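J.: Residue strings, one per chain:
Number of protein chains: 2
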Amino acid sequence: MKILAIRDGVYGVKSAISNAVIDFSQMTVSVVAVVTDVVREGKPVVGFAFNTNGRYAAQGLLRERFIKRIMGADPKEYRDPARDNLDPFALHRIAMRNEKPGGHGERSVAVALLDIAIWDAVAKIEGKPLCRLLAERFNGGKWDERVWVYAAGGYYYPGKGPEALRAELRSYLDRGYETCKIKIGGAPLAEDMARIEAALVEVGEGPRLAVDANARFDETEAMAYGRAMAPFNLAFFEEPVDPLDYALHAKLAEVYAPPLATGENLFSMPDARNLVRHGGFRPDRDWLQFDCTLSYGVTEYLRILDMLHPLGWSGRRVVPHGGHLLSLHLAAGLQLGGCEAYPDVFKPFSGFADNIPVQNGHVGLPENPGTGYETQSEVWPIMQEVAAG
Amino acid sequence: MKILAIRDGVYGVKSAISNAVIDFSQMTVSVVAVVTDVVREGKPVVGFAFNTNGRYAAQGLLRERFIKRIMGADPKEYRDPARDNLDPFALHRIAMRNEKPGGHGERSVAVALLDIAIWDAVAKIEGKPLCRLLAERFNGGKWDERVWVYAAGGYYYPGKGPEALRAELRSYLDRGYETCKIKIGGAPLAEDMARIEAALVEVGEGPRLAVDANARFDETEAMAYGRAMAPFNLAFFEEPVDPLDYALHAKLAEVYAPPLATGENLFSMPDARNLVRHGGFRPDRDWLQFDCTLSYGVTEYLRILDMLHPLGWSGRRVVPHGGHLLSLHLAAGLQLGGCEAYPDVFKPFSGFADNIPVQNGHVGLPENPGTGYETQSEVWPIMQEVAAG
Chain V
1 MKILAIRDGV
11 YGVKSAISNA
21 VIDFSQMTVS
31 VVAVVTDVVR
41 EGKPVVGFAF
51 NTNGRYAAQG
61 LLRERFIKRI
71 MGADPKEYRD
81 PARDNLDPFA
91 LHRIAMRNEK
101 PGGHGERSVA
111 VALLDIAIWD
121 AVAKIEGKPL
131 CRLLAERFNG
141 GKWDERVWVY
151 AAGGYYYPGK
161 GPEALRAELR
171 SYLDRGYETC
181 KIKIGGAPLA
191 EDMARIEAAL
201 VEVGEGPRLA
211 VDANARFDET
221 EAMAYGRAMA
231 PFNLAFFEEP
241 VDPLDYALHA
251 KLAEVYAPPL
261 ATGENLFSMP
271 DARNLVRHGG
281 FRPDRDWLQF
291 DCTLSYGVTE
301 YLRILDMLHP
311 LGWSGRRVVP
321 HGGHLLSLHL
331 AAGLQLGGCE
341 AYPDVFKPFS
351 GFADNIPVQN
361 GHVGLPENPG
371 TGYETQSEVW
381 PIMQEVAAG
Chain C
1 MKILAIRDGV
11 YGVKSAISNA
21 VIDFSQMTVS
31 VVAVVTDVVR
41 EGKPVVGFAF
51 NTNGRYAAQG
61 LLRERFIKRI
71 MGADPKEYRD
81 PARDNLDPFA
91 LHRIAMRNEK
101 PGGHGERSVA
111 VALLDIAIWD
121 AVAKIEGKPL
131 CRLLAERFNG
141 GKWDERVWVY
151 AAGGYYYPGK
161 GPEALRAELR
171 SYLDRGYETC
181 KIKIGGAPLA
191 EDMARIEAAL
201 VEVGEGPRLA
211 VDANARFDET
221 EAMAYGRAMA
231 PFNLAFFEEP
241 VDPLDYALHA
251 KLAEVYAPPL
261 ATGENLFSMP
271 DARNLVRHGG
281 FRPDRDWLQF
291 DCTLSYGVTE
301 YLRILDMLHP
311 LGWSGRRVVP
321 HGGHLLSLHL
331 AAGLQLGGCE
341 AYPDVFKPFS
351 GFADNIPVQN
361 GHVGLPENPG
371 TGYETQSEVW
381 PIMQEVAAG
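Chains V and C, in that order, are what the protein sequence lines are. Letter by letter, the first sequence follows residues 1 to 389 in my numbering. Letter by letter, the second sequence follows residues 1 to 389 in my numbering.
For the record, the hints were derived by calculation from the structure and aren't laboratory data. In this text the structure is predicted, and so the values were computed from the model without any measurement. Keep in mind that the hints are not guaranteed to be accurate.
Repeated chains share a single entry, so a pair holds when one copy, or any two copies, can fit it.
Under the rule of at most 25 Å between Cα atoms (straight-line distance), these lysine-lysine pairs were calculated in the DSS-like manner [said to hold, decoys possible]:
1) Lys14 x Lys347
2) Lys43 x Lys100
3) Lys251 x Lys100
4) Lys347 x Lys100
5) Lys14 x Lys68
6) Lys2 x Lys142
7) Lys251 x Lys142
8) Lys14 x Lys100
9) Lys160 x Lys142
10) Lys68 x Lys2
11) Lys68 x Lys160
12) Lys160 x Lys100
13) Lys14 x Lys251
14) Lys2 x Lys347
15) Lys160 x Lys128
16) Lys14 x Lys160
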């Protein structure tokens, strides 16, 4: 049992949108294929991964360091003899050889891509959907058949007014979503409040609407938005301030009573732990949104969950950033709180199985072994292209 | 006034050594040359930078994102009209366009390389040593002519016993150093204590010897080493534990009275601020060792110093990681506490001016405009090679 090749490609996303901080038209995503010598149903098992849009493709790092380490390892080092499978923990250690602690960014994407593709291959070798494999190994065999998802959208487009925003949200509701998220911070407060009020007309009540500031606010702005939004009791106020300013999160949590959310720009267990230790987040209401594809993969996500439980946090407070099948498998198999969804953005690197609709704000998972990307007609041909090299 | 080209090369270091965590023989360093259209003494001004050994070269990131952004900018965006020079702050903003907050690693090296090479060019255009330029712009015109340096060595080599360690330290003392640092954590505690005692025979007293655990200890080990070492009152106990485990630093600082030190694996102002806010470090004795070449460059170093002062920390408690001329210029021009030195390791990417000896534990700086790498016969030909493309 060995890894025969690791291939990667760099792709753009079909988005001409921007949030408060970045322009997505310049962004890139890595697609990784880990080709094994294991054969299932007459074909070699290939594990796949891509990273969530928002940071960048990791081609340089993949090729300079991480692919070489895995391809240079003796296959005996990463075989799981008890299960006759690959050992994803051993492969993670191999990838991280000669890496210093701290400084978790960029390499955390490269390692995540490899780790996630390896977990996809492991589930395929075992002949199970990834969520079931995770449930059996790490969650006492329990998993959720359907996962709560919310529609992340509400981006700023040139010339997009409250009517267009309402039409967008109505379209999400028509497609089965019940909770929607819109961007704030890209317009003056008064204009953003008008957008929130317009959005509430569609979604009906505060707890069905979340807002995302993409970490752009300083203390004064965060407090002003908090004061203005508190009466609406929104689903959550996401990334109010710099993701590493734990003390300011704690200050905001003291005065803003409705739920807060953050985590998509914290890329390791030690960073996640600092948020929980120092960020003043409230385990009874706030949301943790770590993104597996940006933070060293499934292996590190398990470490994050292991860290959370003794600190009084339920996995149900974790809702992964990144609206794609990998996040959905994590949410289902580890019984997290739900999963982000991108109904209209970041195609083809977003969405769930083509033929499984969202209903009552929840969505099911494909039964295919592994992550099931072959159920997504837009992304699967790209993965086949990368695997072919 | 414009940047004509940015070139980079990847080089190894002459080290077959290891510390508690990594094997340096696999490491790489980036060298960057920023070629301008400004002419001084008949030649185009070229700014240079390399990163401290210990993380890795940043070629992929430099070429994928950061060089492109600067070369794609309108030169009007980065001209400093008041001084008829490049504006390094504007160039830093350009490099960081479309980058999300948080996740400070790897890209922090790529941006640092560009930023440092730009500051080198700015000082050359102004015809001043970098330390004087920094002093005039940011330190009320005051700088230190000589900087305290300590000799970082004491690595583990196969078969190296206490006698060889003593000979190594004696050689540093013979070369004018008064304080030395050795590695710990790569051997059992009893063996490390024997190494410390052997080292103390040479350096004479505890405050002349520092130890570096390279973040390898868990809580039990850190406490055990702390208890064993406390009676020696060593100069500092560096990187006892994971650089992001601020709570554990605080716990150690409560029981270990002599100085602690850390910071080389914290790569941004927000990360540095978290150490100061949550790490329990003591402004009257502990040391902050942020590495400019790994953490977004001079521009971010200035932000870190600006953050420290209102929190009660003097710049004299900052001793940059990285034993090379760039750290020395920061220490002199911003009147920091001193600077690391690598008398015998990481050549050619270490050391100060060839013809300026260390005396009484202090070293002076070259008078050349910029950083003065032309005073280093080993690194200068490499820089010329990179600049030639």
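J.: Name the hints, by number, that the structure is in violation of.
T.: 2, 6, 7, 9, 11, 13, 14, 15
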